[in-house]
Amino acid sequence: MTRQRRGSPYAPGDTDDTAAMLDAIGVEGVEDLFDIPDSVRFDGELGVEPRSERDARRLVERTLGRNDELTEFMGRGHYDHYVPALVDDLASRQEFLTSYTQYQPEVAQGFLQALFEYQSMLVELTGLGVANCSMYDAATALGEAATLSQRVRSVSGERILVPDQLREGKREVLAAYADGPDLSVETYPTAEGTVDVDGLADALDDDAAMVYAETPTVCGAIEPDLGAVGELADDHDALFVLGSDPVALALLERPADVGADVVVGEASALGAGTAYGMGTGLFATRAEYLRQVPGRLVGIGSDATDRRAFTLTLQTREQHIRKERATSNICTNQALMALRTAVHVATLGPDGLVGLAEDCVSLARDLATRLDEVSGLQAPVNDRHHFREFQAHTDQPAAAVASDLESEGFAVHVVGEHRIQVCVTDANEPAIDRFVDAMAEVA
Amino acid sequence: MSEDRDATDDHAPEAGTRYDQARWTDDGQYEPLLAEKDSTEVAVGDDAPLPDDLTRDSLELPDLSEPELARHYTRLSGMNYGVDSGPFPLGSCTMKYNPKFTERVAALPAAAVHPDRSATSVQGTLELQAELQGYLGRIGGMDAVTLQPPAGAAGEFTGIRIAAAYHEANGDDRTEVVIPDSAHGTNFATAAMAGFDVVELPSAEDGRVDIGALEAAVGEDTAALMLTNPNTLGLFERDIEEIAEIVHDAGGLLYYDGANLNALLGRARPGDMGFDVMHYNVHKTFATPHGGGGPGAGPVGVTEELAAFLPTPHVRQQADGSGYERYEPERSIGKVHGFSGNWLVLVRAFAYIARLGDAGLADASARAVLNANYLASRIDYEVPYGPFHHEFVASAGEQDAADAAKRMLDYGVHPPTTKWPEIVDEALMTEPTEAEGKGSLDDLAAAFDAVAAEDDATLDAAPERTAARRIDQVSAAREPRLSWHALEE
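As they're listed, the protein sequences go chains A and B. Okay, so the first sequence: first residue is 1 according to the UniProt record's numbering, each after it adds one. Okay, so the second sequence: first residue is 1 according to the UniProt record's numbering, each after it adds one.
The calculated label-pair distances, taken between Cβ atoms and stated as ranges, are: (1) Asp437/A with Ala43/B: 31 to 41 angstroms; (2) Thr40/B with Asp395/A: 40 to 50 angstroms; (3) Gly376/A with Gly134/B: 40 to 50 angstroms; (4) Gly199/A with Glu479/B: 39 to 49 angstroms; (5) Glu479/B with Arg153/A: 19 to 29 angstroms; (6) Asp380/B with Ser184/A: 57 to 67 angstroms; (7) Ala216/B with Arg151/A: 29 to 39 angstroms; (8) Gly321/B with Glu288/A: 57 to 67 angstroms; (9) Glu479/B with Asp38/A: 54 to 64 angstroms; (10) Val155/A with Glu242/B: 45 to 55 angstroms; (11) Ala399/A with Asp197/B: 39 to 49 angstroms; (12) Ile432/A with Ala43/B: 27 to 37 angstroms; (13) Glu168/A with Glu205/B: 49 to 59 angstroms; (14) Ser65/B with Asp202/A: 49 to 59 angstroms.
Under 8 angstroms between C-beta atoms, here's a sample of chain A residues computed to sit facing chain B: (15) Gly7; (16) Glu61; (17) Met74; (18) Glu124; (19) Glu172; (20) Ala250; (21) Leu297; (22) Gly299; (23) Thr305; (24) Arg307; (25) Cys331.
Chain B is faced by these chain A residues, among others (derived, beta-carbon under 7 angstroms): (26) Ala11; (27) Arg51; (28) Leu59; (29) Glu95; (30) Ala138; (31) Arg254; (32) Ala309; (33) Leu336; (34) Val354.
Quick caveat, the hints were computed from the structure, so don't treat them as lab data. Owing to the predicted nature of the structure, the values given are computational and were not obtained by experimental measurement. Ideal placement from N, C-alpha and C gives every residue a C-beta, glycine not left out.
Throw the hints in and build the complete structure from the sequences for me.
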């Protein structure tokens, strides 16, 4: 039996000390310190039994153990790449893990430098002048881009244009952010899983504040003509916002070169994994919009001895100073996740990151080719280059195929009545042969 | 001065002896940037499985071996102060000790499932969500809880959007949110972001809500009053029932900012006080690491009346008790996060609550409140108002609070929040949390007192014993250099 002290094991609780402290304050007991009227005192039970550490851990293990163990071939914005052990090890160092926002930079130089390096990596990957040190996830980063578009646009306009295939979750978050400033979220058509440029041209007018596109798109297709999208947006003085992630950006053309004004997306593809949808929102933009950027920025300054030092900067944009005139309400962000992404990028290095991105293209292409040979499947559905994932047509109802696949130990997305989506990365690559066999069984 | 004072003289600190900051000490040389150590520009696209016009030309990134990286980041960590390094009494931030076992629990492979998995294949995840919703609901006195908001401010946004949707459903056009002047900046930013006009409420002489001013401020335009209780001065709003009545009579909703919930666990519940909607900062109250600024998680609790407006998907036990399901509440406001929020933070919160149970949670609050009051009684700085719950706001008086804070760094402790709330001159907003024992609090008090006795010249020169000396934030903002690319120019 482990001795279980009543009370919090995370609070020092020597009885003599407590008595001395109460004495110093001048009260009889701890209860006297609670200045709560009797009418709102709670005298009920919360009904949570205290447990030992071992039992609390077992409870979580047992509960999560009810999940089916499936090999996931899933993506659509949440990706599983192998995370080097170095990332977990360094991000677990207590000085990073248990620190707070760097309001006292003199004792937070380490985290500030790591975040500065994260920002620098995004600047290199996007070609844009400035990156912040994280938003919550890709969806909220997109929402912030929409409100930024309204602040920076030289003429008025309230239309936000997004592709018709935008993931529903992103669209709903965008709508939530757009609601306050009365922006209206509308769609433009896609063809073969990418922007229908003519359709976009028809949808655009001078009331458009922002055009959003993704590469790779939600179905894994690489946009073949982002330059045209950028030009269309520019013609109408609309902000061009591009969604992507750091792995894809290592290989695909630089967002700055195709006219992107803002890049948003998920950095969680590096350093975090799927984590039931927990994300790391990346946000980069042109230097001219610096003072309208949401979230925290780390900059270089100097200390009293003129040495280089890091600090949070341009905080007058932020809620704790500007209150209702802030660029965003964000306070707690995803700093530790950003650090994880930075360490992951650094561990891969330039060759490793580009190589990982190239694998995302060739793995998807090869798996599509193999699935296409399975009777009852056609893959990929879209005549495009793909990154990590692609859609496949199923002769049988897709839901039945996916459900049968689950019994074989695999998970895929159902995206239409006869359409599934399949994602392959270095994480599930070893299971490809078994996956193709299972597909042959169920398709 | 109490008798205790003499007994603790051995705690009187000397800057730079037993209180040294961890720092990189190599004769003033900083750990170079990764880019300065060794970067490589690689050509991209030559062997790529893609046509040239889809690929970038080159990519330049640091190119270091694993041992070099391990040393780089280990040195960086040495120039950083965390809760395990020493006291971190940053007011309103609840920097508690973070149990280590919750890290292990969050790292379980079963926690890392894809968010689009079928409900039948992630019954364990859904059960844990439903259980945590139940825990939080009971702790807050709320009928339903969503786990989706990824931080406290996102929780505020969710709650205010729920309030907006509720009024809209009633055909009620309300345009204002009322917020006390002592509230967190996020409250103001959130209300504005959700499209409301902000009405700022001045505090009364005793630091609490001024009932007269409240009556004057609320009316048919009031969508909600956002309130922290205890407030940012650490004071419990004793008139909370009257406040609730005034807001409700005007047709508004009462929003609880959960930043200070650590003071109330098991002793009082926002739901019982008349609050209609609240957020929980589970990374504060339920002790998960703040990670240098996140991730956090900001679940939102609501009364039965507002449950239909919660974000989608929501999770519940199936009616026949056979399992758990996701569903869209009838009048859902939609989504505030791409999927279900910061899941791994929520797993930690669940594990923490399950570990402590009723008695542990109540004890955590009791000790947080004891510690705040003890520290407030021990320090030489003037501490206006009172009695306090988990935090208090001292006044640095003639000193500049920000300078005093810099000097505290030399004594090896993290300083309090400074210059806020503005209703106290030169505010030092201090929240020791339950993680400190008496000895540690005595050390902390000694550090406060040592600084209180020092002259302006000493404070101006501080800090002297930290990794960096005083950083000039004004010049950093005047000429922003935000990436290593900016250094090349």
